[in-house]
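As a plain string of letters, each chain reads:
Number of protein chains: 2
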Amino acid sequence: MPDIYQELNRLAESDMYPLHMPGHKRNLQSTPLQGAFRCDITEIDDFDNLHDEKGIILEAEQRANALYGADYTYFLVNGSTSGVLSAVSAALQEGGAILAARGSHRSFYHAAYLRRLEIEYLKAKMIQPYGIFDGYTAEDVERALDNSKRNIKAVFITSPTYEGRCSDVAGIAAVCHKRGIPLIVDEAHGSHFGLGEGVPQGAVQQGADLVIHSLHKTLPAMTQTALIHLQGDLVDKAVLKRFLGIYQSSSPSYILMSSIDLCINQMQEEGHEYIRRLTQYRELIQTEAQNLKHIRVPGRDELEDPAKVLVYVDPAAMTGQQLYDILREEYHLQLEMAGEKYALAIITGSDREEGIKRLSAALKEIDASLEAREPAQTQPTPHYDFSAKEIPQEALPLWRAWDEEKETVPLKQAAGRIAAGFVNLYPPGIPLIVPGEMITEDLIEDILRYLSLNLNVQGILNGEIRGNKGIIEDKERGIICVKQK
Amino acid sequence: MPDIYQELNRLAESDMYPLHMPGHKRNLQSTPLQGAFRCDITEIDDFDNLHDEKGIILEAEQRANALYGADYTYFLVNGSTSGVLSAVSAALQEGGAILAARGSHRSFYHAAYLRRLEIEYLKAKMIQPYGIFDGYTAEDVERALDNSKRNIKAVFITSPTYEGRCSDVAGIAAVCHKRGIPLIVDEAHGSHFGLGEGVPQGAVQQGADLVIHSLHKTLPAMTQTALIHLQGDLVDKAVLKRFLGIYQSSSPSYILMSSIDLCINQMQEEGHEYIRRLTQYRELIQTEAQNLKHIRVPGRDELEDPAKVLVYVDPAAMTGQQLYDILREEYHLQLEMAGEKYALAIITGSDREEGIKRLSAALKEIDASLEAREPAQTQPTPHYDFSAKEIPQEALPLWRAWDEEKETVPLKQAAGRIAAGFVNLYPPGIPLIVPGEMITEDLIEDILRYLSLNLNVQGILNGEIRGNKGIIEDKERGIICVKQK
Chain A
12 MPDIYQELNR
22 LAESDMYPLH
32 MPGHKRNLQS
42 TPLQGAFRCD
52 ITEIDDFDNL
62 HDEKGIILEA
72 EQRANALYGA
82 DYTYFLVNGS
92 TSGVLSAVSA
102 ALQEGGAILA
112 ARGSHRSFYH
122 AAYLRRLEIE
132 YLKAKMIQPY
142 GIFDGYTAED
152 VERALDNSKR
162 NIKAVFITSP
172 TYEGRCSDVA
182 GIAAVCHKRG
192 IPLIVDEAHG
202 SHFGLGEGVP
212 QGAVQQGADL
222 VIHSLHKTLP
232 AMTQTALIHL
242 QGDLVDKAVL
252 KRFLGIYQSS
262 SPSYILMSSI
272 DLCINQMQEE
282 GHEYIRRLTQ
292 YRELIQTEAQ
302 NLKHIRVPGR
312 DELEDPAKVL
322 VYVDPAAMTG
332 QQLYDILREE
342 YHLQLEMAGE
352 KYALAIITGS
362 DREEGIKRLS
372 AALKEIDASL
382 EAREPAQTQP
392 TPHYDFSAKE
402 IPQEALPLWR
412 AWDEEKETVP
422 LKQAAGRIAA
432 GFVNLYPPGI
442 PLIVPGEMIT
452 EDLIEDILRY
462 LSLNLNVQGI
472 LNGEIRGNKG
482 IIEDKERGII
492 CVKQK
Chain B
12 MPDIYQELNR
22 LAESDMYPLH
32 MPGHKRNLQS
42 TPLQGAFRCD
52 ITEIDDFDNL
62 HDEKGIILEA
72 EQRANALYGA
82 DYTYFLVNGS
92 TSGVLSAVSA
102 ALQEGGAILA
112 ARGSHRSFYH
122 AAYLRRLEIE
132 YLKAKMIQPY
142 GIFDGYTAED
152 VERALDNSKR
162 NIKAVFITSP
172 TYEGRCSDVA
182 GIAAVCHKRG
192 IPLIVDEAHG
202 SHFGLGEGVP
212 QGAVQQGADL
222 VIHSLHKTLP
232 AMTQTALIHL
242 QGDLVDKAVL
252 KRFLGIYQSS
262 SPSYILMSSI
272 DLCINQMQEE
282 GHEYIRRLTQ
292 YRELIQTEAQ
302 NLKHIRVPGR
312 DELEDPAKVL
322 VYVDPAAMTG
332 QQLYDILREE
342 YHLQLEMAGE
352 KYALAIITGS
362 DREEGIKRLS
372 AALKEIDASL
382 EAREPAQTQP
392 TPHYDFSAKE
402 IPQEALPLWR
412 AWDEEKETVP
422 LKQAAGRIAA
432 GFVNLYPPGI
442 PLIVPGEMIT
452 EDLIEDILRY
462 LSLNLNVQGI
472 LNGEIRGNKG
482 IIEDKERGII
492 CVKQK
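Going down the list, the sequences are from chains A and B. Heads up: the first sequence is residues 12 to 496, going by my numbering. Heads up: the second sequence is residues 12 to 496, going by my numbering.
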C-alpha cells in the first residue's frame with residue numbers, strides 16, 4: 012500500500028516525461044523548494060482525483076479514517092475553512108436555523124451567509140482572569156435549544172478553543188442526537204486529540220457527526236492542510252461531498268495532499284511517541300513555571316490541551332503584548348499570539364527540547380526582572396466579559412444585510428443604524444457586531460474603549476479604506492452600515 | 012524589496028524559535044519535501060496576512076500586478092476555482108442574471124448556485140473535426156445580449172479554451188462596457204499570454220474587468236496557485252475582497268504564496284526568454300509534424316496558444332485515447348488528456364528540449380507504423396456537435412433544483428423528469444444537463460451513445476453509489492432527479 016509521497020517519488024525518478032500541467036515541469040534547480048516542485052503534479056494516470064477518489068487518494072483517506080475512526084474521512088487542501096463551509100452547508104437545508112457559539116470562526120459566519128441560515132447564538136462563556144473563551148456543557152446546549160423559538164436543525168461548536176479549553180462534546184452530541192440533529196465540531200485545534208496518552212479524547216470518538224481538523228496546527232503537516240470526518244446518518248455523504256467539491260480547488264495540490272498522508276503515516280507509526288514528547292515538554296514548562304511570581308502558566312486542570320501554553324502575566328506588571336514582544340525581541344522566541352493579559356505559545360511533538368528550555372529560561376528571567384522593572388505604561392485594562400454582554404439585536408438576516416448597499420457612518424453617529432459589516436475583536440476572536448444587527452450606544456462605547464487600549468479591532472474604518480468605489484473624506488472612525496434610503 | 016521566499020529563507024536561517032503553528036515546527040529531516048517544510052509558516056510578525064495584506068504579500072501582489080497591468084491583483088491559494096467563485100459572486104447581485112458559455116468550468120456553475128443566479132447561455136461553438144470548443148466573437152455576445160429576455164448584469168467567458176482557442180476579448184469587453192456591465196474572463200489557461208513575443212495578448216490588456224489566471228497551468232508555479240486581476244469601476248474591490256476571504260483558507264500556505272512570487276519574479280526577469288523557449292519548442296514540433304500522414308498538429312492559425320499541442324489522429328486509424336495510451340506506455344510520454352480524436356500535450360518554457368524531441372520522434376514512429384497497423388477496434392465515432400444541440404429547457408432554477416430532495420431514476424425511464432445533478436461529458440467539458448433542466452428522450456439517447464463509446468460521462472450512476480443515505484439496488488444506469496412528491 013504505497014503512500015502518495017512514495018508514488019510521487021517513484022514518478023519523479025522514472026523516465027516518464029511530463030507533457031501536462033503544472034507548467035514548471037518539475038524542472039526547477041535553484042531553490043530549496045525544489046524538493047517540493049519535484050512532487051508537484053496534476054491528476055495524471057494512476058494519481059487519482061481528490062474530488063472523485065478511487066485510488067491512492069482514497070487509500071490515503073482510508074488510512075486517515077482508520078487513525079480517527081469516523082465513517083468517512085476526506086482530505087482538505089483549502090484548510091479547515093473549506094471543512095467548516097462544507098459541514099455547515101451540508102448539515103442543514105438552505106434557510107435553516109443553526110445553534111452556534113458567538114465566538115465561532117469566521118468561516119462559520121461565511122457558511123451561514125452563503126446558505127442564508129438563521130443563527131441562534133450560544134452566548135460566549137469566559138474564563139477569568141485570562142479573558143478567554145470557556146467550553147460549553149451539555150446543559151448549556153440543551154437550555155439554548157429549549158429556549159429557542161427557532162426550529163434548530165444543527166449545532167456548531169468549537170472545541171478545543173484556540174487557548175485549549177474543551178467542551179463536553181459527548182454530552183452535547185447526546186443532546187443533539189436525542190433531537191435527531193447533527194453536531195458539528197470545529198476541532199481545528201485538536202487534531203492531536205486521541206492520538207496518545209495525556210491528551211483529551213477527540214470529537215469523533217465522542218460521537219460528533221461532523222468534525223474538522225486543521226492538521227497543520229498541532230501535527231506535522233503543512234499549513235492549509237486539514238481533514239473532515241463524517242459519521243452517523245444525520246448528514247448525507249453525497250451532499251457533503253458536493254460542497255467539498257464547491258469550496259475546494261479543482262486543481263488540488265499534491266504537495267499538500269502528500270503532506271497530509273506523510274503526517275497520518277507518521278502518526279500511525281509513532282503517534283504515541285509524538286504525544287509523549289508533547290506532554291513531556293509541557294510538564295517541563297509547567298515544572299519550571301511553578302515558582303514564578305508574576306507569571307503563571309495555567310495547568311491542565313484549567314486548559315486541557317497540553318499543546319497550548321498560555322503565559323499569563325500580572326496586569327500590574329506588563330501586558331500580554333509586552334510579554335510577547337520581549338520574548339520575540341530579546342529571546343528570539345516567536346509565540347503564536349498576544350492577548351490582553353497573556354501570550355500564547357503552541358508546542359507539539361515536533362518541538363526540540365532546546366526551544367522548550369529557552370522558553371522556560373526566558374520566563375524565569377523575565378519574572379525575576381519584573382520586581383525591578385517600572386510598572387507597565389498602559390493601565391491595567393478593565394477586563395471585557397462577553398458572558399455579561401447582550402448580543403446585539405438582529406434587524407435583518409446576515410445574508411441580506413451583508414449584500415445590502417452600504418455606507419460608512421462615523422462611529423459616534425452610528426447608534427440606531429444596522430451594521431452591514433463585521434466588527435471583530437482579536438483575541439478572543441468574537442464578532443462585536445454581525446451584519447444585520449443594530450448598533451447601540453453601548454456597543455460604540457465598547458469599541459471606542461477597545462480602540463483606545465490599542466486592542467485589535469477589525470472592521471472599523473479610519474480614512475481612505477473604501478477601495479475603488481469611493482473614499483471617506485474625513486479621517487473619523489467609521490463603521491459600515493446598511494445604506495439609508 | 013525582498014521577495015517572500017527570501018524572507019522565509021532569512022527566517023529559516025535565523026535563531027528565531029517557533030512557538031506557533033504549523034505543528035511541524037519546520038523540523039523535518041527525512042523527506043525531500045524538507046525544503047518546503049522549511050519555508051512553511053503561518054501569519055507571524057513581519058509576514059503579513061493574505062486577507063488583509065499590508066506588507067510583503069501586498070508588495071508581492073503589486074509585483075504581479077505590474078507584470079499584467081490591471082488595477083489590482085490578488086494571490087489565490089485555492090486555485091482559479093476560488094477566483095471564479097469570487098469573481099462571479101462579486102460581479103453581480105445575488106439573484107442577478109449572467110450570460111455565460113455553456114461549457115464554462117464547474118466553478119462557474121458553483122458560483123451561480125451559491126448566488127442563486129439566472130444563467131443565460133452562450134451556446135457552445137465547436138471546431139471540427141477536432142470536436143473542441145471554439146471561441147466567441149463580439150457579435151456572438153452582442154446577439155445573445157440583444158436576444159435575452161433577462162436583464163443581464165455580467166458576462167462570463169473562458170479564453171483561451173483548454174485546447175488553446177481564443178475569443179475576441181477586446182471586442183466582447185467593448186460590447187459589455189457599452190451596456191455598463193462587467194466582463195469576467197476565465198483565462199486560467201492563459202497566464203503566459205502577453206509575456207513575450209508570439210503569444211496572444213492577455214485579457215487584462217484587452218480590457219476585461221475581472222481576469223483569473225491559473226499560474227500553475229502554463230507558468231512555473233505550484234499546482235493550486237492562481238491570480239485574480241481587477242480593473243475599471245464596474246466591480247467593487249471591497250466586495251471582491253470579501254468573497255476572496257470567504258472562498259479561501261484563513262491559513263493560506265506560504266509555500267504556495269512563495270511559489271507565486273518566485274514565478275512572477277522569474278517572469279519579470281526572463282519572461283521573454285521563457286516565452287521564446289516555448290515558441291521554439293512549438294515550432295520544432297510543428298516542423299517535425301508537417302509531413303505526417305495520419306497525425307496532424309493544427310497550427311497557430313487554428314489554435315492560437317503555442318502551449319497547447321493538439322495531436323489529431325485520423326479516426327479510421329485509432330482513437331485519441333489509443334494515441335494517448337501508446338505515447339504513455341510505449342514512449343513514457345505523459346500527456347495532459349485524450350479526446351475522442353486527439354491527444355493533448357501541454358508544453359511551456361520550463362520544458363527540456365529532450366522531452367520535445369521525444370514527443371516529435373514518437374509521433375513520427377507512430378505515424379509510420381499506422382500503415383501496417385490493424386484498424387482501430389472501436390468504430391470511428393459519430394462526432395458530437397454541441398453547436399447543433401438545443402440546451403435543455405429549464406424547469407427550476409439551478410440553485411433550487413440542486414437543493415431539492417433527490418431520487419435516482421433509471422436512465423431509460425427519466426424522460427420528462429427534472430434533473431437534480433449535473434451530467435458532464437469530458438472532453439470537451441460540457442454539462443449535458445444542469446440541475447433544474449428537463450430530461451428528454453434525445454438527451455437519454457445521447458448519453459447512452461456516449462457511454463457505449465466509453466466516453467467519460469460523469470454524473471450517471473451505476474449501482475451502489477448513493478452513499479450513506481441509501482443505495483440503488485438494481486445495477487441499471489441511473490440519473491439523479493428531483494424527487495416526485
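Please note that a few of the clues may not be correct.
Copies of the same chain are indistinguishable here, so a pair counts whether it falls within one copy or spans any two.
Stated by the list, open to error - Taking lysine-lysine and the DSS-like style, the derived pairs with C-alpha atoms no more than 30 Å apart in a straight line are: (1) Lys189 to Lys65; (2) Lys494 to Lys164; (3) Lys423 to Lys252; (4) Lys494 to Lys252; (5) Lys375 to Lys65; (6) Lys423 to Lys189; (7) Lys189 to Lys496; (8) Lys134 to Lys65; (9) Lys400 to Lys248; (10) Lys400 to Lys136.
Worth flagging that the hints you see were computed from the coordinates, not collected in a lab.
Consistency of the hints with the structure:
1. Lys189 to Lys65: The answer is neither: 35 Å in one copy and 49 Å across copies each exceed 30 Å.
2. Lys494 to Lys164: between (32 Å within a copy, 22 Å between copies)
3. Lys423 to Lys252: Cα proximity of Lys423 and Lys252: across copies only (26 Å, versus 46 Å in one copy).
4. Lys494 to Lys252: between (38 Å within a copy, 20 Å between copies)
5. Lys375 to Lys65: neither (54 Å within a copy, 35 Å between copies)
6. Lys423 to Lys189: neither (47 Å within a copy, 42 Å between copies)
7. Lys189 to Lys496: Classified as between; 28 Å across copies, 46 Å inside a copy.
8. Lys134 to Lys65: Intra 43 Å, inter 33 Å, cutoff 30 Å: neither.
9. Lys400 to Lys248: So Lys400 and Lys248 fail the 30 Å test inside a copy (39 Å) and across (34 Å) alike.
10. Lys400 to Lys136: within (10 Å within a copy, 60 Å between copies)
Figure legend: structure checked against the earlier numbered hints; hints not met, in rising order: 1, 5, 6, 8 and 9.
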